[in-house]
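Chemist: Protein chains in written order, with the working numbering: chain P, 1 to 409; chain C, 1 to 321.
Hints are computed from structural coordinates only; laboratory data are not their basis. Ideal placement from N, C-alpha and C gives every residue a C-beta, glycine not left out. You may find that some hints are simply not true.
Take a look, some chain P residues computed to stay more than 12 Å from chain C by CB distance [said to hold, decoys possible]:
#, residue
1, 85
2, 87
3, 302
Computed Cβ-Cβ distance ranges for the label pairs, DEER-style [said to hold, decoys possible]:
#, chain 1, residue 1, chain 2, residue 2, range
4, C, 220, P, 96, 11 to 21 Å
5, P, 9, C, 154, 22 to 32 Å
6, C, 220, P, 72, 51 to 61 Å
7, C, 140, P, 313, 56 to 66 Å
8, P, 72, C, 167, 30 to 40 Å
Incomplete in silico selection of chain P near chain C, CB under 8 Å [claimed, not checked]:
#, residue
9, 52
10, 83
11, 104
12, 107
13, 110
14, 166
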Amino acid sequence: MPESVTLEGLTKVYPNGTIALRGLDLHVDAGEFMVLVGPSGCGKTSALRMVAGLEQISGGTLRFGDRVVNEVPPRQRDVAMVFQNYALYPHLTVAQNIAFALENKKIPKAERDRRVHEAASILGLTTMLGRKPRQLSGGQRQRVAMGRAIVREPGIFLMDEPLSNLDAKLRVQMRTEVLRVHRRIGAATLYVTHDQTEAMTMGDRVAVLRDGVLQQAGNPRDLYDRPGNIFVATFMGSPSMNLYEAGLEVSGEVADLVLGGQRLSLPQSALKQVSGLAARHGESVIVGIRPESLADPGAAGTAPEPGTTLTVDVQLVEVLGSEQLVHFRLDARRVREEAELRGQLNAAQDSSAAAVAAESQGEIVAATVAGGVARVDPRAKIRPHASAVLAVDVERLHFFDPATGTAIS
Amino acid sequence: MSATTVVRPGPEPGPAVPPPPRRRRGQDDNSIPIEYYGLRRGTVTAVTTLCVLFALFTLIPIAWLVINSTKTQANIFESFGFWFASPFVFGKNFALLFQNVDGYGVYFRWFGNTVLYAVVGGGGATALAALAGYGFARFHFRGSRALFYLVIAALLVPITAITLPLYLTYAKVHLINSVWGMLLPSMVSPVGVYLMKVFVEVSVPRELIDAARIDGAGELRIFFRLALPLMVPGLMTVLLLNVVTVWNNYFLPLIIFSQNQLYPLTVGLGLWSERAQNSGNAEIFPLIVLGGLVTIVPLIALFLILQRYWRSGLLLGSIAN
């Protein structure tokens, strides 16, 4: 029976003193697809294992529906879980693997066979039921792992990076498959991944974790459009958001951002949207610019308004067919955290921008020169190793407090 | 590896493909010259020679047993030890071995005893080692580590050192001249526990147990249905080790048994050779020689039978990952 899952101040401290999770509050409705995302070591898997009952809860309360299940052993929790490496029983056939949970529940053979076949047909495994896991391909093993979970019609469905062992193409294909299965079962689903693309595309809601602390939870659109802090801003989106330290000069209803030697004029509307800016005259703020908020000014046909462009040094242009990624340097104070995050995220991001970011990290870059990426029209004529003018969508800038890293609202 | 077919690149026109290594006579198509591995032929010959010498050294006593089991007592002492002599009396010796000769013909009884001790003791030791090894490998409880070190420590104590206390303890609990006196200690195998623990750690992944727990399986069911089948290659190793240990055990039965009909083969043959030294004329030596041979044959057979489990075990491991 589908149930909701509620985590209240869930904390995990390992015997060696490592704190994996610090007071996680999260609620997953019955039928909701919740993605837990974050870099490796952020505590997302610990959280999942605690929900499964495989890990003892060091602090806080875990509820399924209204029941507190902190002390309930895993086999009585009615959760199903798909493991990263599938954890199939190697000596059992596909059918036996799928039927194992039903056997444990002492479900009669006829009923068992019916359900195994049903699950197999949902996942396209009907012809493989007699095979052993070692005779299957990665994608097929993944399906068996899913089959083993869905055959139980679980109240709660847990997935621990289930697609990370598949190749890129299969991964995209399985995303839809997982969602299809999720809708069919209607169970509360907790899905752990380090891949922000998976998080964005799959989650009804996404919870971003870092160092065991929940950074922000919400629907993917919100996280992308209104990131609560620098970490979420950088983590969600690929290539990630460009961050620069800028001086703020407010005069009446308009304001200027000073980025190194250049200025961006903020229109009234932007200032109104982010009311917190008005009080920060003369202070420095962190400005975040999504790669797609930078454009080739020639594309619009009209000359850009003054104060809405940045002149940059283009380092590298990646032509992706539908778009171009322009990697550039900019005379502005870079945000150290951003560089660090990029390093952390290299593994997570599937864009080739990671390589470039890694390269620019290796070099000694003066603190007053910052890197960045723009996502521009494929027809834009921007050449590497030259300077270029990029139009900035000043209505869609993000602002963060340099001291705390939280968004200025 | 998955079950996909590996397509070997065929000969392609192009400079990148090196010429195939020149084949020597007698090599099959797939063999790769030793030099490929950076070994010199001289080294290989030397190592091979050493191995052959060692094999000979090990096999010579067995060859001697086989040859001399066909001889009469006189010929055992007088003819050349490494060749057959007439009359060829293997059949007669074999028949005599299992008969009551001069009142010493309890070989059959001893054989049965050894089988009993080895099967119950060795089998029991393996079963207990499987349970204990799995427990140590996959459960953490208060004092589990200390307990495991205690088991390891037991490995280091030679039985000779504990003979006297062992004997006195046995006397107190009436295990002297009791079958259980032999069986109970045979069922304890610290080496077996250690080996099983290590084996479980590599062959029964933690995630598999996690998955089974989530699937609603109880711990006993997880052990018997999932862990045990994966432990089979390790179990066979430990079984063989334990059976051989019990089969060849001489010291323990020697101190706890004073009744002829409880002896295993080792002590029985010892008794025979002692009598042979003292009584001179009786035709006992051929029986001792053949008795020794018959003693080791079941072990060799067991080894050959269990061998295939190791091979399948290796295969299983390489494919599972």
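Chemist: Next, verify each hint and record whether it holds.
Modeler: Hint check results:
Chain C draws residue 85/P into its interface by the beta-carbon criterion, the shortest separation being 6 Å against a cut-off of 12 Å. Listed as a non-interface residue, residue 87/P fails to keep its Cβ farther than 12 Å from every Cβ of chain C; the least gap is roughly 4 Å. Every Cβ of chain C is farther than 12 Å from the Cβ of residue 302/P; the closest lies at roughly 55 Å, confirming the non-interface assignment. Between residue 220/C and residue 96/P the Cβ separation comes to about 18 Å, which falls inside the hinted range of 11 to 21 Å.
In this structure the supplied range 22 to 32 Å is violated for residue 9/P paired with residue 154/C, their Cβ-Cβ distance being about 47 Å. At about 20 Å, the CB distance of residue 220/C to residue 72/P disagrees with the hint of 51 to 61 Å. About 57 Å separates the C-beta atoms of residue 140/C and residue 313/P, a value consistent with the hinted range of 56 to 66 Å. Checked against the hint of 30 to 40 Å, the pair residue 72/P and residue 167/C fails, with Cβ atoms roughly 53 Å apart.
Proximity of residue 52/P to chain C holds as hinted, the smallest CB-CB distance being about 6 Å (cut-off 8 Å). The beta carbon of residue 83/P comes within 5 Å of a beta carbon in chain C, closer than 8 Å, and the hint placing it at the interface holds. Interface restraint check: residue 104/P against chain C, minimum CB-CB distance 4 Å, threshold 8 Å, status holds. With its C-beta approaching chain C no nearer than about 11 Å, residue 107/P sits outside the 8 Å limit, and its interface hint is violated.
The restraint placing residue 110/P at the interface with chain C is violated, with a minimum CB-CB distance near 20 Å, outside the 8 Å limit. Taken as an interface hint, residue 166/P does not check out: its beta carbon lies about 12 Å from the nearest beta carbon of chain C, beyond 8 Å.
This entry does not satisfy hints 1, 2, 5, 6, 8, 12, 13, 14, going by the numbered hints stated previously.
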